[in-house]
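Sequences are here, hints too, so could you generate the full structure?
Heads up, the sequence shown is in the working numbering, so the first residue is 146 and it goes up one at a time.
Hints listed in this document are in silico derivations from the structure and should not be mistaken for laboratory results. You may find that some hints are simply not true.
Below are the SDA-like pairs computed for lysine to any residue, each with C-alpha atoms no more than 25 Å apart in a straight line [unchecked claim]:
#1 K659 - I641
#2 K485 - P466
#3 K495 - G628
#4 K360 - P411
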Amino acid sequence: MPGTLVFTATYNEADNVENLLNEIISHLPDADILIVDDHSPDGTGPLLDQLAAKNSRIHVVHRPSKLGLGTAHLLAMKYALHHNYEHLITMDADFSHNPKYLAIMKQLLEDNDFVIGSRYAKGGRCDYGLVRTLISRTANTLARYLLGIPTHEATTSYRGFSVDLLRQMDLNSIWSDGYSFFMESIFVVRLATRKLAEFPIHFEDRRAGTSKISKREIFKAIYNLFRLFYRRLFVIPFAVYQPNADIEKDPPCENCNSLFHMEMFPARFAENEDASIYQCTSAGHRTHGRILKCLHCGLVFNETRHDAEKLLDFYSDVEDPTYLKNIDSRFKTFRYNFEKIKPRLPASGKLLDIGSYCGVSLKVAHENGFETLGVEPSKWAARYSEEVMQERVFQGTLRDLPAEEGPFDVITMWDVMEHLPHPVEEMKRIHSRLKPGGVFVFSTLFIDNWYPKIMKERWPWYMDMHLFYFTLDALSQLLTKAGLELVHHQKYTHIITLEYFFFKLDALGVFGAKYLGEVSGKTPLRNIMIPFSFGDIQMFICKRPDDS
Numbered sequence: 146m147p148g149t150l151v152f153t154a155t156y157n158e159a160d161n162v163e164n165l166l167n168e169i170i171s172h173l174p175d176a177d178i179l180i181v182d183d184h185s186p187d188g189t190g191p192l193l194d195q196l197a198a199k200n201s202r203i204h205v206v207h208r209p210s211k212l213g214l215g216t217a218h219l220l221a222m223k224y225a226l227h228h229n230y231e232h233l234i235t236m237d238a239d240f241s242h243n244p245k246y247l248a249i250m251k252q253l254l255e256d257n258d259f260v261i262g263s264r265y266a267k268g269g270r271c272d273y274g275l276v277r278t279l280i281s282r283t284a285n286t287l288a289r290y291l292l293g294i295p296t297h298e299a300t301t302s303y304r305g306f307s308v309d310l311l312r313q314m315d316l317n318s319i320w321s322d323g324y325s326f327f328m329e330s331i332f333v334v335r336l337a338t339r340k341l342a343e344f345p346i347h348f349e350d351r352r353a354g355t356s357k358i359s360k361r362e363i364f365k366a367i368y369n370l371f372r373l374f375y376r377r378l379f380v381i382p383f384a385v386y387q388p389n390a391d392i393e394k395d396p397p398c399e400n401c402n403s404l405f406h407m408e409m410f411p412a413r414f415a416e417n418e419d420a421s422i423y424q425c426t427s428a429g430h431r432t433h434g435r436i437l438k439c440l441h442c443g444l445v446f447n448e449t450r451h452d453a454e455k456l457l458d459f460y461s462d463v464e465d466p467t468y469l470k471n472i473d474s475r476f477k478t479f480r481y482n483f484e485k486i487k488p489r490l491p492a493s494g495k496l497l498d499i500g501s502y503c504g505v506s507l508k509v510a511h512e513n514g515f516e517t518l519g520v521e522p523s524k525w526a527a528r529y530s531e532e533v534m535q536e537r538v539f540q541g542t543l544r545d546l547p548a549e550e551g552p553f554d555v556i557t558m559w560d561v562m563e564h565l566p567h568p569v570e571e572m573k574r575i576h577s578r579l580k581p582g583g584v585f586v587f588s589t590l591f592i593d594n595w596y597p598k599i600m601k602e603r604w605p606w607y608m609d610m611h612l613f614y615f616t617l618d619a620l621s622q623l624l625t626k627a628g629l630e631l632v633h634h635q636k637y638t639h640i641i642t643l644e645y646f647f648f649k650l651d652a653l654g655v656f657g658a659k660y661l662g663e664v665s666g667k668t669p670l671r672n673i674m675i676p677f678s679f680g681d682i683q684m685f686i687c688k689r690p691d692d693s
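Structure below.
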């Protein structure tokens with residue numbers, strides 16, 4: 146069994162990190178070291194790679210952007226569990242936590258499940274100025290009394306865990322991704338063990354660089370303090386405690402293959418499932434698998450119960466009369482958005498639409514001078530496209546489209562990306578079907594937006610049929626792997642009828658929406674069209690480079 150893992154997170158720590166690692170090794174020569182770097186622009190990442198190449202005990206994880214200090218620490222916890230270490234010690238990378246205390250930390254872990262180095266324990270001290278010390282002491286005192294934390298310190302990251310404790314902690318209950326992670330994690334520690342210890346440290350001012358705690362993080366910490374106080378009083382006394390889930394059962398991230406995820410929201414499965422929940426107009430807004438966020442790349446995904454072939458079976462059986470009832474608004478939607486992208490497209494050429502459904506987008510592209518072909522898994526929708534819309538459609542998937550079709554000047558994919566079980570593979574197929582210099586346009590769910598952040602688990606697009614929820618960084622990585630270049634993105638606008646708007650509100654459980662929908666459906670109000678865009682669905686324009 147590996148022994149001790151020492152962890153730190155870095156962002157612009159090129160001036161500190163080499164000296165820090167040398168001191169860690171001098172105090173704990175047998176320990177492994179894990180560093181998570183959030184794409185530091187000052188060269189910290191390449192420097193860490195050089196140091197790791199010289200010492201097999203140094204392990205580096207590179208993340209594509211600043212994904213949050215808390216998620217870096219949660220990644221370290223999952224890493225320690227996955228590799229079956231005995232102890233995990235975490236610390237800052239700026240020398241505010243002196244490595245000379247590591248041996249004390251390790252010794253105390255022999256008899257305790259959790260140990261924290263405290264600037265506010267008797268004998269401890271801190272180099273902060275008066276105002277910052279007052280703020281810090283107040284925060285720690287409030288955390289101690291409101292949350293029932295038995296230590297004098299709750300906000301520092303200089304702490305040690307037995308990995309057995311990590312197995313008993315409900316890590317999925319930790320929602321904080323920034324600095325308030327430390328307060329929330331010790332709150333969860335307290336629920337799992339009574340064997341806690343603290344010892345005094347001198348919390349030093351950082352030796353180089355500048356502090357990265359923003360005012361926004363301070364306000365988030367205040368909010369989380371009172372959220373946890375509410376949980377302590379009104380949730381935990383009535384909840385069934387859940388120890389940490391087996392991370393070996395988590396699916397690998399589709400984007401980076403990491404097994405280390407945080408559970409954002411638990412599963413809410415429907416009792417009965419059929420093809421109707423995979424309709425474009427599905428009302429299944431309350432059911433989904435576990436919503437997981439990759440701690441390595443930030444991709445958010447739905448842990449579906451079905452493999453790709455089973456999902457394809459569902460989509461091939463889809464019939465959607467509600468879509469046809471609202472087909473006029475679909476035409477308005479596609480015409481509106483096509484005008485937005487038209488300046489970035491060639492004037493004419495061959496256009497392939499993936500997931501063309503009932504052929505509305507094909508008809509709009511045809512109106513704009515393109516030679517069109519659709520790919521659609523639904524037998525019903527493909528038949529409607531050919532018989533009613535008079536558009537050419539291949540019933541199936543892009544994987545099965547005959548090679549002689551193409552290459553294409555333009556490929557479009559409207560509200561489909563989030564449904565694909567293997568988006569990286571599909572993007573590579575799209576690259577192979579595009580002409581050099583060809584354009585790929587798609588719309589998809591965009592989770593890096595104010596609306597899902599405010600709505601949290603009530604965001605309406607957490608659904609069984611939606612498998613992925615993208616950030617700009619995760620999408621950029623995915624497209625780069627496929628050899629595609631992202632050149633532009635903007636809001637995507639849906640235009641819907643008032644009657645359909647009430648239909649969706651009713652599916653979300655909004656009181657009175659069903660009645661209002663019935664009333665509007667019997668009056669001229671049903672024909673009112675509403676442009677609808679919160680920015681959580683975005684349109685992306687990409688190119689296949691000329692030389693690829």
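- Query: Can you give the numbers of the hints that this structure goes against, from lowest to highest?
  - Reply: When the structure is compared with the hints, numbers 2, 4 turn out to be violated.
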